[in-house]
Amino acid sequence: MSAQSHKGLKTRREFLRLAGIAAGATALAACATPTPQVIKETVVVEKPVEKVVKETVAVEVTKVVEKVVKETVPVEVTKVVEKVAVVTPTPYPLPPVKLPTAPVVTPAPPQPIQLFFWDWYGRLVWHNQDLKQVQVDIWNQANPNILVSYLPSVGTKEKVLASVAAGTPPDLLLTDPPTDYVYRGALESLQPFADQGGHPFFKKDIYPGVWEAMEFNGQLYAVHKVVNNAGLYYNADLFRQAGLDPDKPPKTLADVEEAAAKIHKTDSKGNIEILGFSPWLNIAGIWGTWAQAFGAKLWDPDNKKVTFDEPASIRALQWQVEYANKYGGFQKFMEFNDTLAGMDPFGSGRVGLYVTGPWQIGIMQDTYPNINYRTTTMPVPEGGRGGAWLGGSWLVMPKGGKRRKEAWEFLKYYCGREAQIYEAEQGIGFSIFPEDNAKSEWFNSLDLIQPFLQDLPKCWPIPLIPTVSHAFFTAFNPMVEEALRGKRTPEDAMKEATRLAQAEVDRFIKG
Amino acid sequence: MGRGTGLVPSPRPVRHETLEAKMTKTKGKRMSRVMRDRIKWGFIFISPWVLGFLLFILYPMLASLYYSFTDYDVLRPARWVGAENYIYFFTKDNLSYLTVYNTLYFAFFSVPLGILVAIILALLLNAKVKGQSVFRAIFFIPTVVPVVAATILWVWLFSTRNGLINMALEAVGLPAVAWLNSPTWSKPAMIIMSLWGVGTSVVIYLAGLQDIPVSLYEAAVIDGANWWQQTTRITIPLLTPQIFFQLVIGLIGAFQVFTQAFIMGGTGGGALGMGTEAGPSNSLLFYTLYLYLNAFRFFRMGYASAMAWLLFLITLVATLIILRTSSRWVFYGRL
Chain R
0 MSAQSHKGLK
10 TRREFLRLAG
20 IAAGATALAA
30 CATPTPQVIK
40 ETVVVEKPVE
50 KVVKETVAVE
60 VTKVVEKVVK
70 ETVPVEVTKV
80 VEKVAVVTPT
90 PYPLPPVKLP
100 TAPVVTPAPP
110 QPIQLFFWDW
120 YGRLVWHNQD
130 LKQVQVDIWN
140 QANPNILVSY
150 LPSVGTKEKV
160 LASVAAGTPP
170 DLLLTDPPTD
180 YVYRGALESL
190 QPFADQGGHP
200 FFKKDIYPGV
210 WEAMEFNGQL
220 YAVHKVVNNA
230 GLYYNADLFR
240 QAGLDPDKPP
250 KTLADVEEAA
260 AKIHKTDSKG
270 NIEILGFSPW
280 LNIAGIWGTW
290 AQAFGAKLWD
300 PDNKKVTFDE
310 PASIRALQWQ
320 VEYANKYGGF
330 QKFMEFNDTL
340 AGMDPFGSGR
350 VGLYVTGPWQ
360 IGIMQDTYPN
370 INYRTTTMPV
380 PEGGRGGAWL
390 GGSWLVMPKG
400 GKRRKEAWEF
410 LKYYCGREAQ
420 IYEAEQGIGF
430 SIFPEDNAKS
440 EWFNSLDLIQ
450 PFLQDLPKCW
460 PIPLIPTVSH
470 AFFTAFNPMV
480 EEALRGKRTP
490 EDAMKEATRL
500 AQAEVDRFIK
510 G
Chain C
0 MGRGTGLVPS
10 PRPVRHETLE
20 AKMTKTKGKR
30 MSRVMRDRIK
40 WGFIFISPWV
50 LGFLLFILYP
60 MLASLYYSFT
70 DYDVLRPARW
80 VGAENYIYFF
90 TKDNLSYLTV
100 YNTLYFAFFS
110 VPLGILVAII
120 LALLLNAKVK
130 GQSVFRAIFF
140 IPTVVPVVAA
150 TILWVWLFST
160 RNGLINMALE
170 AVGLPAVAWL
180 NSPTWSKPAM
190 IIMSLWGVGT
200 SVVIYLAGLQ
210 DIPVSLYEAA
220 VIDGANWWQQ
230 TTRITIPLLT
240 PQIFFQLVIG
250 LIGAFQVFTQ
260 AFIMGGTGGG
270 ALGMGTEAGP
280 SNSLLFYTLY
290 LYLNAFRFFR
300 MGYASAMAWL
310 LFLITLVATL
320 IILRTSSRWV
330 FYGRL
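Chains as they are written, first to last, in numbering that gives the first Met the number 0: chain R, 0 to 510; chain C, 0 to 334.
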C-alpha cells in the first residue's frame with residue numbers, strides 16, 4: 000500500500016529546533032544531505048575559529064605563538080572531531096509551515112450544515128501537526144456554516160459499502176485507488192461542478208499519470224491529494240564498506256545488481272546477514288512495480304484487456320526469478336524479512352538498497368537518525384523506462400451524498416494548490432501540480448527529495464483494471480510467487496495470470 | 000440453544016403449545032387468567048432474544064441466501080444469476096479448492112490434537128497436588144489473551160531465524176523450520192498456536208472429571224486396576240459426552256478460522272500482496288478469509304454469500320455425521 004506511516008515525536012522536534020537554531024543558516028543548508036560530504040561541510044561551518052587555529056598551528060607554530068595557543072587549541076580540535084563523527088547523518092531542516100488559506104463560501108448556508116469526510120487512512124501526524132485536521136480546522140474557521148467533520152480510518156471498503164447501500168454515504172471520501180468504486184458507479188461525477196470553472200484541476204497543470212487516474216469516460220471523478228512514487232534509497236555506510244562510492248548513485252538496474260552483489264553477505268548456512276537488495280521489500284513487491292519499471296502498462300483500456308503477459312512484464316518476472324536464484328532462492332529473502340522483527344528494513348541498517356516512497360525520509364529522521372543514506376531515482380532496467388506507479392489518496396464523492404455543492408467547495412480547497420503543497424511539504428509527498436513542487440524552496444533545498452520529483456512525470460497510475468484488487472490478489476501476485484518458487488516459467492505464469500484476471504474482467508463487464 | 004423461555008415456570012411444552020393455539024383460535028373458550036398472563040409475560044421476557052434472532056440472524060441469513068443467487072457488489076442492485084456463483088466456485092475459481100484444502104488440513108489436525116492436549120492437561124490438573132488452582136489458572140490464562148495480541152506474539156516465536164521455537168529446535172539438534180515463511184510449515188504453525196488456547200476445553204473436561212463418581216475408581220482399585228486401566232476404562236468413556244461436545248464445537252470453529260490467519264498471513268508472508276495477505280503461496284488462505292476478501296475487497300458480495308452457504312452446508316453435514324456416529328461411542332453414563 001502506498002502507506003505514509005509517520006510518527007510525530009515531540010522530543011525529536013524539539014531537538015531539531017535546537018539543533019537548527021544552533022547550527023545557523025549555513026549549517027541548515029548543509030544539513031540537506033546526511034552524507035560524508037556534509038560532515039566536512041559542518042566542520043568548516045562550525046569553525047571559522049578552528050580554521051584560524053589550524054592555520055596558526057601549521058604556519059606560525061614553532062616560534063611565536065606557542066604560549067598563546069597551547070591551552071586553547073588542541074583540546075578544541077579533538078572535541079570538534081568527535082562531535083562531527085556523532086552527527087554524521089544530519090537531519091533535514093523542517094519545512095517552513097505555510098498554512099493554506101480557505102476561501103469563504105458565499106452565499107453561506109443560512110443554517111450550519113455538517114459535511115462528513117471519511118478517510119481510508121489514519122491521521123497524518125507530523126512534527127506535532129495533525130496535517131489533515133489542521134486543514135479541516137482552517138476551513139471550518141472560515142466557513143462556520145459548512146462544518147466539516149474529519150473521520151480518520153473509517154473509509155475502509157467495508158464501511159463505505161455499508162453506508163452506500165444504506166443510502167447514507169459520507170459526503171467526501173479519501174480513498175486508496177478509486178478504480179473499483181468508479182467502475183461500479185459508486186461515485187458522483189465531479190464534471191458538472193468542474194464545468195462551472197473556478198477550480199485548478201486542469202489536465203495541463205497536473206502530472207499526466209495523476210490525471211489519468213482522476214478521469215473516467217472523459218469525466219472527472221476523483222482528485223488526487225498528495226501523490227507519491229517509488230525511489231531508490233541506499234545506505235552510504237554499507238556502500239563505503241563494500242568499496243563503492245556513495246557519490247555515484249546507481250542509475251540502472253544493472254548498477255543496482257552490481258552494488259547489491261558487493262554489499263550482500265550471507266552466513267555459513269547461506270542465510271542473508273546483510274541484504275544487498277530485495278525486489279520484494281516494502282512497496283517494491285506490489286501493484287506490479289517491476290513490470291511497470293520494465294515498461295509494461297498491464298491494462299489496455301481501449302480493448303478492456305488485462306495485459307499481464309506483455310513482453311516487458313514477462314521480462315520483469317524473468318529478471319526477478321534470476322535475481323532470486325542468484326542468492327539461494329526466493330525463500331531466503333522471505334526468511335530475512337522476519338529477522339527484522341518489526342523494524343523498518345532500511346532503518347535496521349542491514350539493507351543496502353531499498354525501494355520505497357518519499358515518506359521513508361521522515362521515518363529515517365524520526366526513528367533511525369543514525370543511518371547514513373541517500374536517495375536516487377528508480378533504477379532503469381535494460382530496455383525499460385524506470386519509474387513505477389503513483390500512490391497516495393484520492394478525494395471522491397460517494398454516490399447519494401446530499402450536500403454535493405458544499406462538498407465540492409471543500410474539495411476545491413482541500414485538493415487545491417495551497418493545501419496540496421502544504422500537506423506535501425509537511426508530510427513528505429508531492430503536490431499534484433508540478434509547478435508548485437518546482438517552486439517549493441524546501442524541496443529544492445533537499446537533495447533527498449529531488450530524485451522522486453524527477454521521476455514523477457514518467458510514473459503511471461496503478462493499472463485501471465475494473466477488478467483491480469481481484470486481479471492482483473488472485474491472479475498476478477500468486478502467479479509471480481509461483482514463478483519465484485520455480486513452479487512455473489515466467490511466461491507461463493504471466494499467461495495464466497492474464498487468463499485468470501481477464502475472466503473476472505469479462506464477467507464483470509458482462510454483468 | 001435458546002430453548003429456555005426463562006423466568007416463568009411453564010408446564011410441559013406440549014401443553015403450552017395447545018394452550019397457545021387455543022388462545023389464538025377460539026376466543027370464546029376461556030383460558031384461566033393466570034395462564035394468559037403467564038403466556039403474555041413469557042413472550043415479553045423472551046422478546047429481546049426473539050427480536051434479535053429475527054432481525055440480526057434470520058433476516059441476514061435469508062438475505063444472504065437470496066444474494067447467493069445474484070451478482071451483487073452492494074453498490075448496485077443485485078442481479079439474479081441463478082446458480083452461477085455456486086458453479087463458479089466449483090469450476091472456475093482458481094483459489095476455491097486451495098481454501099477448502101487449507102481449511103480441512105487445519106481442522107483435521109487442530110481439532111483432534113486440541114482434544115488430546117486438553118484431556119491430558121485436564122487429567123494433570125485434576126491431580127490433587129499443592130497449588131492446583133494456580134496451575135489451572137496458568138493454563139486458562141492464554142484464553143483470556145486477545146487473539147490479535149497472542150497471534151502477534153506467536154509470529155515472533157515462529158520467526159525463522161530469531162524465533163524462540165527455532166532456537167529450541169536447534170538447541171536439541173533439530174533443524175530450524177521456516178514456519179510462517181514456508182508454504183509447508185505455515186499451517187502446522189497455526190495448528191501449534193491453536194493448541195495454546197485449549198484452556199476453555201480444559202475447564203470443560205475438568206468439570207467432566209469431577210462428575211465421574213469416585214466409587215467407580217474405588218471399585219477399580221479393589222479389582223486391582225492400575226492407573227492406565229482406570230483412565231482408559233473409566234475416565235475416557237465417561238468423558239465422551241464432553242469430547243463429543245468439543246468435537247462438534249471445535250470443528251465448527253476450525254471451519255471458521257479467520258483472525259489468526261488474517262494476522263499471521265500478513266506478518267509472515269512478506270512482500271507480495273496488498274495489505275491483506277495469506278501467507279507464502281496463499282498457504283494461509285482459509286475459507287472464511289477468502290470469503291471476506293471476496294465480500295469486502297473484490298466487491299463480490301453475491302459470491303461471498305454463496306461461499307457462506309456452502310460453508311454452512313459443509314458444517315451441517317460434518318456435524319450430522321458426527322451426531323450419527325455418536326450413539327456408537329458417546330457414553331452417557333448409565334452404568
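It is worth saying that the hints were derived from the structure and are not from the lab. Treat the hints with care, as some may be off.
[Said to hold, decoys possible] Subject to a maximum C-alpha distance of 25 Å in a straight line, what follows is the list of computed DSS-like cross-link-like pairs (lysine-lysine): (1) R/Lys264 / R/Lys247; (2) C/Lys91 / R/Lys486; (3) R/Lys304 / R/Lys158; (4) R/Lys250 / R/Lys494; (5) R/Lys411 / R/Lys398; (6) R/Lys331 / R/Lys261; (7) R/Lys303 / C/Lys127; (8) R/Lys202 / R/Lys404; (9) R/Lys509 / R/Lys156; (10) R/Lys250 / R/Lys261; (11) C/Lys91 / R/Lys509; (12) R/Lys250 / R/Lys264; (13) R/Lys304 / C/Lys39; (14) R/Lys494 / C/Lys39; (15) R/Lys202 / R/Lys331.
Please read these numbers as outputs of a predicted model, since none were measured by experiment.
Evaluated hints:
1. The hinted pair formed by lysine 264 of chain R and lysine 247 of chain R meets the criterion: a straight-line CA distance of about 22 Å does not exceed 25 Å.
2. Taken as a hint, the lysine 91 of chain C and lysine 486 of chain R pair is honoured in the structure, with Cα atoms around 21 Å apart against an allowance of 25 Å.
3. At roughly 30 Å between alpha-carbon atoms, lysine 304 of chain R and lysine 158 of chain R are farther apart than 25 Å, so this suggested pair is violated.
4. Using a Cα cut-off of 25 Å, the hinted pair lysine 250 of chain R and lysine 494 of chain R is violated, with the two alpha carbons roughly 30 Å apart.
5. The hinted pair formed by lysine 411 of chain R and lysine 398 of chain R meets the criterion: a straight-line CA distance of about 18 Å does not exceed 25 Å.
6. A threshold of 25 Å between alpha carbons decides the hint, and for lysine 331 of chain R with lysine 261 of chain R the separation of about 18 Å falls inside it, so the pair holds.
7. Between lysine 303 of chain R and lysine 127 of chain C the alpha-carbon distance is near 72 Å, which puts this suggested pair outside the 25 Å criterion.
8. Our distance criterion of 25 Å between C-alpha atoms is met by lysine 202 of chain R and lysine 404 of chain R, whose separation comes to about 22 Å.
9. Between lysine 509 of chain R and lysine 156 of chain R the CA atoms are separated by roughly 23 Å; this keeps the pair inside 25 Å, and the hint holds.
10. The suggested pairing of lysine 250 of chain R with lysine 261 of chain R holds, with an alpha-carbon distance near 16 Å, which does not exceed 25 Å.
11. For the given pair, lysine 91 of chain C sits about 16 Å from lysine 509 of chain R by alpha-carbon distance, which is consistent with the 25 Å threshold.
12. Proximity of lysine 250 of chain R to lysine 264 of chain R is assessed by CA-CA distance (about 22 Å); at most 25 Å being required, the pair is judged to hold.
13. Distance check on the hinted pair: lysine 304 of chain R and lysine 39 of chain C sit about 64 Å apart at the alpha-carbon level, beyond 25 Å; violated.
14. Between lysine 494 of chain R and lysine 39 of chain C the alpha-carbon distance is near 67 Å, which puts this suggested pair outside the 25 Å criterion.
15. Between the alpha carbons of lysine 202 of chain R and lysine 331 of chain R the distance comes to roughly 45 Å, so the proposed pair goes past 25 Å and is violated.
This entry does not satisfy hints 3, 4, 7, 13, 14 and 15, going by the numbered hints stated previously.
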